[in-house]
Amino acid sequence: MQRRTFLRSAGLSLAIPLLESLTPLRLLAAGPAKPPTQRLVTIGSYLGFHLPSFSPTQKGRQYAMSPVLKPLEDLRKDFSIFSGLDHRAPNGHKNWKNYLTGKSTPSISFDQIAAKAIGEQTRFESLQVTCGSFGDSLMSFTKEGIPLPAIDRPSVLYKHLFSSGTDKARMDYLLDSGGSVLDLALDEASTLQREVTNRDAAKLDEYFTSVREVEKKLQKRREWLKVPTPKVDFQLPEFDPVAPDLSLECESIMYNLMALALETDSTRVISFLLPGQGQVFTIDGEKLSAGYHGLSHHGNDPAKISEFNRVGQEHVMRFGNFLRQLNEKKDIEGKPLLDTTAVLFGSGMGDSNTHNNSQLPIVLAGGAFKHGAHHDIDRENESKSTPLLGDLFLTVLESMGLEEDSFAKANRNMNDYLL
Amino acid sequence: MRHLLLPFLAVHGLSQSHAAPEPLPDLAYDFISEYCINCHDDDSAKGDMVLDGDSINWSDWHDAERWTKVHAMLESGDMPPEKEDQPSATERAALLDWLDTTLTENVQPGGTVIRRLNRQEYEQTVSDTLGIPFSVPNSFPPDTEFHGFDNIGEGLILSPPLMEQYVHLATAAADLLLPPAKKTKEIASQSYPIGPGDFTLNFTTGHEIDGILRMVDSRAPLARSSVWPNRFEARASGIYEVEVDLSAFKATQGHVPIVHLLARNTANSAFQKTYELKTLATFKVDSDAPQTFRASVSLERGETVVIHYENGPVAGDQVWVQTGQEKTKYEAYIAQLLLDAFREDPALGAAWMKVGYERSFRGWSWWDKIEKALQQGDLDVASFDPESPEVKAFADQMSKRGTNTVETIDCMHFFKGPGVDIHQMTFTGPTRLIDDEATLAQKKRTGRFLKGRDGRDDRSYTQATLRPTLDKAFRRPVSDAQLEKYVSIALTHIEKGHSFEEGLHLALRASLCSPRFLFREYREGPMDTFDLAARLSYFLTTGPPDAILRKHAKEGTLNDPAVLEAQTRRLLQHNKVKFFLDSFTGQWLDLRLLPQIMPDTRLLNWTEKDLDAITAETELFVSEILRENHPLETFIDPDFIYLNKRNAKLYDIKFANTEEMTRVEIPRGGLRGGLLTQASVLMATANGVDTQPVLRGAWMLENIFGQPTPPPPSNVPAIEPDTTGAKSIRELLDRHKEDASCASCHLRIDPPGFALENFDPIGRWREFYPVYEKKGDKIITLDGLPVDSASVMPDGTPLADALDLKRYLSENIDIFSRCLSDKLLTYATGRPMNYGDHKVIERVVADVAAQGNGFADLIVALVQSESFRNR
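Top line first, the protein sequences correspond to chains A and B. Residues in the first sequence are numbered consecutively from 55, following the numbering used here. Residues in the second sequence are numbered consecutively from 22, following the numbering used here.
Take every hint as true, because none was put in to throw you off.
Derived DEER-like restraints, expressed as beta-carbon distance ranges:
{"#": "1", "chain 1": "B", "residue 1": "Pro44", "chain 2": "A", "residue 2": "Gly199", "range": "49 to 55 Å"}
{"#": "2", "chain 1": "B", "residue 1": "Asn678", "chain 2": "A", "residue 2": "Glu340", "range": "45 to 51 Å"}
{"#": "3", "chain 1": "B", "residue 1": "Lys204", "chain 2": "A", "residue 2": "Asp470", "range": "58 to 64 Å"}
Partial chain B-side listing against chain A, Cβ under 8 Å, derived:
{"#": "4", "residue": "Leu179"}
{"#": "5", "residue": "Ser180"}
{"#": "6", "residue": "Leu183"}
{"#": "7", "residue": "Glu185"}
{"#": "8", "residue": "Leu222"}
{"#": "9", "residue": "Thr287"}
{"#": "10", "residue": "Asn289"}
{"#": "11", "residue": "Ala291"}
{"#": "12", "residue": "Gly384"}
{"#": "13", "residue": "Trp385"}
{"#": "14", "residue": "Ile510"}
{"#": "15", "residue": "Leu527"}
{"#": "16", "residue": "Ala531"}
{"#": "17", "residue": "Ser535"}
{"#": "18", "residue": "Tyr543"}
To give an idea of the chain A side of the interface with chain B (calculated C-beta under 7 Å), a few residues:
{"#": "19", "residue": "Leu246"}
{"#": "20", "residue": "Asp254"}
{"#": "21", "residue": "Val265"}
Derived from the structure by calculation, the hints contain no laboratory data. All values reported here derive from a predicted model rather than from experimental measurement. Just so you know, even glycine gets a beta-carbon here, dropped at the ideal spot from N, CA and C.
Using the sequences provided together with the hints, build the complete structure.
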């Protein structure tokens, strides 16, 4: 009863039987041994940060919190800061997507490697989220290099995760009737099989195999539909703040929904892109002097840097609130979600003033890692053992139970820093 | 021309009869044992070629492929290798003679494997079948290329993720015809007051001052000029009453600000252009005092209203322009804006010049400094002369700062005017709900599809509705038994309590997932008129047969050579032939690869427009040859060329300063004109940085000469150009050729490669290889080693340069005609050409050459041939 009370206070009116009904499915897929880290959230701010204001001056555990990361002071034992990490990949706005893919050629992103491996265990294999329209996704890519579209409206994400109304009824209907579509397809293929030559029959086998695979997948989705969508006690705002100048407001709501998505185990992999264009923000009732993009090209003008940092702090503050939520919310065993959720926060842009994609701002929070330090990677005296951002990814993946040999140019890991 | 018609053979492909293996005659057995078996027995199996055994099974296509290869290797002299015992000329000729006879007899044209619709075909087929606008999402899995094309039966694999997309898209397509019933939600009319602080601002689109929001910019990209309420969007498509209080701010003499209200979908990019949006209302703001303007506007769900100042002081379509004439024009415009302002207010000019420019200056940060300088008041305004060369030079210099300066000019106008002030805005609505355009279009489609029940019962109504759709979907008349399957899935569904529309919707979903929809050319035996109509249509339009073709298929007349020719010629003039040209030339000439090649910036500053120009040149060129039925020689040595300023510059041809591709007549026999020296081909055969004669040569052999070479052996390192310029590529290659195993192929690869060495990686002429040197922070290009383009063709013809290569191909046009025919038929039939097909091609090429060698004639003749008409 105690937990139930807690859930409600945390914004969830989730009945215990629901959790129980989820359990068999989950155990079935997850197997007995659980890896130390079970969830992955990757967050990227498109315009990046002012690096000298983001990276602490001191390294090690006794560092003083940097101006931009100030809102995370109370959480310092829950995260690590990395300076000097990147993928040694090309520069420019267009190469921002290197952040999670590590290279310019079409390739799978970090989050999708995890999603492919563990996504089966949840209703949604992964989620891609952003705030308002921002063109193609820059974070999540399939192995063919196809960008995965991101949900950009809070109301849409909410519906996607928790709707039990008309959308669900429609989905139910389509999945149910879909069975007879596939039956007829197989029936047609069988008649055809008798008409064709041997070589063609082998080609038709691809059809049979594919249809049966889809059948299995539909079956799984139908099972998920039988599991009622989680009921959450969340007040969606009247209006979706999708206008560019309201993107920070949108960001807060998206973080809340993401925390709920993890808590309800709707998914275990989320990527979140914080967009940045020319919008003029109003912070604490005060309109900034220039558009966000203009501020990012600060030309080392202290006034502009200071305003750019204000936006940076707003992002960090929201990120901090998200971490606090994950600390309060408990997993099925009653442990804080954050303990088993790796959260990467950073940017594909190292220095937006010059559009440089090296030395990225990187924070890793949560998960089963040893945190609390600022790791300043020495890039002056680079050697073969100088870690790349991909090495950090490999460590995270390993902690999630995924043995990957390499990521882009990285083929080591950063276990020494984090385990 | 006369009909190039050949007896229509009722034989198809490699016959399916399970004939017993034929014994290998002594002639062949002895030859193989003597000269081949050492390397090609089961154990060694060099090159994966095994010639063990004493029989051939012609019903096994592997055998047919194997012996075709033996013929090719013996004929080219590539086998046996030089270092091995060689057969006498008589022995070789005897075996070749036997092989030719037996292959001709046993390997009939044909052998296509069942073909799945590729991405483009699928899109067009769904769209045509249901009469809906339809395109697949980005996430749709790409097709695999096989034998150079993405429509080859063997390469078109069906995978589970693709099938999942098919299932998903079948629903999406059916929804466009028979959408799920929507519950009409009653949306109460509401009032939305919007204050001056409730607008989205980007860059310098607005300035809030004393309780008003001021606008001064009129540029086309929304995010540069316009504002819109950040918390209002239409909750339902309907009529909304808008009220907005506007006043003019310091309008100059005779200037009446015009304000447009535009409809903008909030899901779209903030960088949309104003002229792309629907204008809802136009207001003349002719008073300094606030006036209330009213309009009744129709908004679709998700739309909001943009306020755009139409005739403000700063206009233009561009955010910034990077190159060329437009850049100059744009900069002149900005400079003029500055000079006008300086004339009007010399103090401002003096202050601006005093402040000057630094990298971080932009918009407000710059303007603040200018204002400060103005307030300090120690400016020497008296000696500031806006007409002086110094001031003009300063304005010019500032204009080069593009956006940074324009945003600062915006700030200036916020104080100086003219501008438009927004005091408040109110939306009330929806006062009435309306159908949006998409809904209206859908209702029309649905009406056409369902027609009317006319008192029929469910069964006969369903039958009547589904039959024509299935006929189209399966590209042949559906049998009663088949129709019944789809009717019964619909009826069963209806009996379960679903609506009639839902029943049809389900049957449509099923039909779009059926193998009879997704695959074509699956029928055994000779192709009937339905398969023929589909093959012809997908070949020349990448879509399913249209009504005329369907009629000829149904009446069986398409088998008549005269009808087939007329239909082919009709499609060749149809506007959909552009899909064929785009797909075929894009793949044959590798134009599709061009966007992935990024030329070295040390060579030139490459832009998207250059890429467009060189691609368009080749497309227009091939398109004209087809449309005008020019002789095939035209591909090599035409008397016309398509130019705009961009490719003309690459070709070093003086040409008008225009982006428009223009047809220009040129004398034949020159360097430019023709595929071989088009920038697109020269770029596709290099890597953007340097040229490699081997790669170009191999490409020419494959795509122009039709003599593909095997891939290089893996144990031989690739030849990398020596970037220091110390060794010529020829020296490197000559050393490479000393190896006998390399020599046999390089004899053929190198000549066309060397002949084109005078063209750099983007197709510009050069006589020296470039060497780059760093001078300060600049990189300069110096002449390195001279280019040596001479070589000798395997038949002994000497080639001095690219002109000789063009001459060689023009004089031996059959080489090219055979290659092009092979590519066309591979693309059309979805299979690689076999021995029998090559015999057909020989004959067709000779026939067409005798009739004037027209490109369209060639396609007609190929369509009439057994290769096209056999499966």
